[in-house]
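Novice: Using the sequences and the hints given, assemble the complete structure.
Below are the chains, spelled out letter by letter.
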Amino acid sequence: GAGVSQSPSNKVTEKGKDVELRCDPISGHTALYWYRQSLGQGLEFLIYFQGNSAPDKSGLPSDRFSAERTGGSVSTLTIQRTQQEDSAVYLCASSLEGGGTYEQYFGPGTRLTVT
Amino acid sequence: RKEVEQDPGPFNVPEGATVAFNCTYSNSASQSFFWYRQDCRKEPKLLMSVYSSGNEDGRFTAQLNRASQYISLLIRDSKLSDSATYLCVVNTGFQKLVFGTGTRLLVSP
Numbered sequence: 001g002a003g004v005s006q007s008p009s010n011k012v013t014e015k016g017k018d019v020e021l022r023c024d025p026i027s028g029h030t031a032l033y034w035y036r037q038s039l040g041q042g043l044e045f046l047i048y049f050q051g052n053s054a055p056d057k058s059g060l061p062s063d064r065f066s067a068e069r070t071g072g073s074v075s076t077l078t079i080q081r082t083q084q085e086d087s088a089v090y091l092c093a094s095s096l097e098g099g100g101t102y103e104q105y106f107g108p109g110t111r112l113t114v115t
Numbered sequence: 001r002k003e004v005e006q007d008p009g010p011f012n013v014p015e016g017a018t019v020a021f022n023c024t025y026s027n028s029a030s031q032s033f034f035w036y037r038q039d040c041r042k043e044p045k046l047l048m049s050v051y052s053s054g055n056e057d058g059r060f061t062a063q064l065n066r067a068s069q070y071i072s073l074l075i076r077d078s079k080l081s082d083s084a085t086y087l088c089v090v091n092t093g094f095q096k097l098v099f100g101t102g103t104r105l106l107v108s109p
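Chains as they are written, first to last, in my numbering: chain Y, 1 to 115; chain G, 1 to 109.
Worth flagging that the hints you see were computed from the coordinates, not collected in a lab.
Straight-line alpha carbon distances no greater than 27 angstroms define the calculated DSS-like cross-link-like pairs of lysine-lysine that follow:
1) K45(G) / K2(G)
2) K11(Y) / K42(G)
3) K57(Y) / K11(Y)
4) K57(Y) / K17(Y)
5) K57(Y) / K15(Y)
6) K15(Y) / K42(G)
7) K45(G) / K11(Y)
8) K57(Y) / K45(G)
9) K42(G) / K2(G)
10) K42(G) / K57(Y)
11) K79(G) / K42(G)
12) K57(Y) / K2(G)
13) K79(G) / K45(G)
Some but not every residue of chain Y turned toward chain G, in silico, with C-beta under 7 angstroms:
14) L43
15) F45
16) G109
Note that the structure is a prediction, hence the values are computed from the model and not measured. Even glycine gets a Cβ: it sits at the ideal position worked out from N, Cα and C.
Specialist: Right, dumping it as structure tokens:
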């Protein structure tokens, strides 16, 4: 079956521009996570959606970052006024349910480069 | 102290060798533990869950020591295809997983 998909796969943007990254989770998965991974670094948790509950935004690094999940499916991560330190691979993952006990399936990521 | 700590490596081993990685976690309330594998420029994928009694999957054995708060992964008879970064992952009890920075393994002919 289809896995987690993300688009675009690569994005180059100028400092100060806004970007939108999209994630299509596996159908039927209620939990969706966004992470980012800088070169040679571990995964940094950004935000977590579980069903219709309020999202856990505790990992968002600044108010320039926001995310939404429409209809319990597709999610969009928006970064406003991008900075060079935002350059990283942004990974989306989904799992059957939340709570951190179920396997997370990752998308291929969006590689963001801010020039 | 980081929530999940791993030796970054790299571990350089010849084919056929046995190699072990350790990982420590800080939150004693953690309930679920996993090892993920990440190939270069690819997304992480689940290798195996770690159960309290220890578990084995082919050449891979995972152990959990709750008293000392560490998790281990043992790989026997290493293959070239085992070369990757191995991520220790812990559910800290706050509804999400915390990923370690990974241990890099290089298996050479």
